[in-house]
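Chain by chain, the residues run as shown.
Number of protein chains: 2
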Amino acid sequence: MSTRHAWRLARRPAGSIVADDFRFGSESIPELSDGQFLLRVRYLSLDPAQRVFISDQEQFLPPVELGAPMRGLVVGIVERSKKEGIAEGTILSGVGEWADYIVSDGTGLTELAAFPGLSLAETFGTFSLVGPTAYFGLLDIANPQSGETLVVSAAAGGVGQIVGQIGKLKGCRVIGIAGGPEKCAFVTEQLGFDACIDYKSVDVGEALDQLAPEGVDIYFEQVGGPIRNAVMERMKMFGRVSLCGIISEYNATDADTQPSFWWTIMMRRLTVRGFIFDDYRTRFPEAMENMAAWMQSGDLTTRQDIRQGLANALSSLQDLYSGRNFGKLLLEVTP
Amino acid sequence: MSTRHAWRLARRPAGSIVADDFRFGSESIPELSDGQFLLRVRYLSLDPAQRVFISDQEQFLPPVELGAPMRGLVVGIVERSKKEGIAEGTILSGVGEWADYIVSDGTGLTELAAFPGLSLAETFGTFSLVGPTAYFGLLDIANPQSGETLVVSAAAGGVGQIVGQIGKLKGCRVIGIAGGPEKCAFVTEQLGFDACIDYKSVDVGEALDQLAPEGVDIYFEQVGGPIRNAVMERMKMFGRVSLCGIISEYNATDADTQPSFWWTIMMRRLTVRGFIFDDYRTRFPEAMENMAAWMQSGDLTTRQDIRQGLANALSSLQDLYSGRNFGKLLLEVTP
Chain A
1 MSTRHAWRLA
11 RRPAGSIVAD
21 DFRFGSESIP
31 ELSDGQFLLR
41 VRYLSLDPAQ
51 RVFISDQEQF
61 LPPVELGAPM
71 RGLVVGIVER
81 SKKEGIAEGT
91 ILSGVGEWAD
101 YIVSDGTGLT
111 ELAAFPGLSL
121 AETFGTFSLV
131 GPTAYFGLLD
141 IANPQSGETL
151 VVSAAAGGVG
161 QIVGQIGKLK
171 GCRVIGIAGG
181 PEKCAFVTEQ
191 LGFDACIDYK
201 SVDVGEALDQ
211 LAPEGVDIYF
221 EQVGGPIRNA
231 VMERMKMFGR
241 VSLCGIISEY
251 NATDADTQPS
261 FWWTIMMRRL
271 TVRGFIFDDY
281 RTRFPEAMEN
291 MAAWMQSGDL
301 TTRQDIRQGL
311 ANALSSLQDL
321 YSGRNFGKLL
331 LEVTP
Chain B
1 MSTRHAWRLA
11 RRPAGSIVAD
21 DFRFGSESIP
31 ELSDGQFLLR
41 VRYLSLDPAQ
51 RVFISDQEQF
61 LPPVELGAPM
71 RGLVVGIVER
81 SKKEGIAEGT
91 ILSGVGEWAD
101 YIVSDGTGLT
111 ELAAFPGLSL
121 AETFGTFSLV
131 GPTAYFGLLD
141 IANPQSGETL
151 VVSAAAGGVG
161 QIVGQIGKLK
171 GCRVIGIAGG
181 PEKCAFVTEQ
191 LGFDACIDYK
201 SVDVGEALDQ
211 LAPEGVDIYF
221 EQVGGPIRNA
231 VMERMKMFGR
241 VSLCGIISEY
251 NATDADTQPS
261 FWWTIMMRRL
271 TVRGFIFDDY
281 RTRFPEAMEN
291 MAAWMQSGDL
301 TTRQDIRQGL
311 ANALSSLQDL
321 YSGRNFGKLL
331 LEVTP
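Note that the protein sequences, when read in sequence, are chains A and B.
Once you know that position 278 of the first sequence is 278 in the numbering used here, the rest is easy, because the numbers rise by one and skip nothing.
Once you know that position 217 of the second sequence is 217 in the numbering used here, the rest is easy, because the numbers rise by one and skip nothing.
What the hints contain is simulated information worked out from the structure, not anything from laboratory work.
As the structure is a computational prediction, the values presented were derived from the model and not from experiment.
Using N, Cα and C, we set each Cβ at its ideal position, and we do this for glycine too.
It is possible that some hints are incorrect.
[To be verified] Residues on chain B that point at chain A, a partial pick, calculated with CB under 7 Å:
1) Ile265
2) Leu270
3) Thr271
Between the sequences and the hints, there should be enough to build the whole structure, so can you do that?
Here's what the structure looks like:
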């Protein structure tokens, strides 16, 4: 094993990402130094924040440098090790690269717990990012109460599907927003949301007026743009907005021109709070234990959208920004 | 006593309020019915929200109707009473009218506690609105920690002066923003703020870069517009914005065109929370007791800007929106 395949950042994208923004090819794998190991990547997680990583916008990690391997969450198996305490065969997950093999000293990687009855894709796909995001973003940021109305945008996506199901477990009335009848049927029939608004076929605001005439207590925000505006206009007194993402603006080249809603926030005494799952790292075990138990009992369904082959990383990521994923998007890199 | 003087709303103002928006004159006082009393108004409180009361914007009370007496917080003395439990000579404060005499059944009025060493103007001016607003808006909404940097806009105003002094009592580094050298000197020299930015003579953003190079933990927001934008750009990770008011926009006729800062809120994990003092009514006694003790010990200074005569109500209120008040604005209606 002396070569690997990897994606490197060729330039900072302007607007939507295109093929020329990256270079995909094979490259030699350096010899392991003491303290290093070779990880064979099993799955790569494709997440909205990756568009942010390659921009020069304000963000929560340093941007990926030009020429550097593209950053992403991975899970893999240690194939060779010169690092004490890391045995061959260990399964590690965390911040890695878009590559089939990674030489690492372990920075950013931790052992992934195994849960009976859950596959590696389910465990990695759920617990590496979307699970803690949904868990803490709903429970800690929005503090849902039984009987409250919760609206979840990107409801069929990796985070949204979990948010809505936890909301149901907490006694909320849950309204999803998703694109297309297939996703909406999944959200209501498979996941048990009370309703789902297909933003591609109806006006979100009018649909909310029908489904939640008294307004919205909690909005789990992932999308930005007109959908956010429609929900914000319908927030109830003392409502909470859990600000998880703004995917419609990640590719934006315009300035900040969205309505600010300062007035609404003041008059309705709303709380708008931003968060990133990593803020809760010390409490991940709590989230994983609870979510694994719900998954094992069937109370929590997590749908994966698993693509095949590292060569498809870019096209799969592009699908995320146009809503062409259906569930948590993963790429199976090696068998 | 058969006539009173009163201000009535003649039309909804467009933009800044002008004289023709109101009618001021004398009118007859009806006979008291059973359950009513006649209140002689001592002081009228002039507050930024009054511009909102006469608009058709979303607000927290029903708008003042055309032709109705203008609404305002008052303190007065019961002169005649046909209401059980309300003796002549009782001092009542609460929601009233711009008038020298008010016939009331007691709705919205409560007895004003007296505190040794505090005048009626201090007690009414501080405890009826600005005190609880400052107290809960800082302590409950923003949860200040010792060593944090607190920025207070409208720092020499009724709310701002109290916010900054409570911030100092809690160990914060407090930076005020006020208009003009006289107000700034008052804020630092009399109230003990660590610094004050005169927004009329310096760039607020540049001044903040000098005074708080590591950023702002808490922003107590009352003004909106470019000042808010400058502070928002400099919020620190996990900062809190206590959204108390947007005075620069109360007279606005434009649509919502301020930057939204959704991205900043998300990436820096900010909390933006709107509130209105009245939300804390059940906890007013706690705030009054603590603030009265601080006032009595000299730890809390409250500057009043007391104007004379009901005929000056409108011009005094107009001063509020152009920053020509200096301290909590009150009108002495009757001696």
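Status of the hints after comparison with the structure:
Hint status for Ile265 (chain B) relative to chain A: holds, with the closest Cβ pair at about 4 Å, below 7 Å. Restraint check, Leu270 (chain B) versus chain A: the minimum CB separation of about 5 Å is within 7 Å; hint holds. Using the Cβ-Cβ criterion of 7 Å, the hint placing Thr271 (chain B) at the interface with chain A is satisfied: the shortest such distance is roughly 5 Å.
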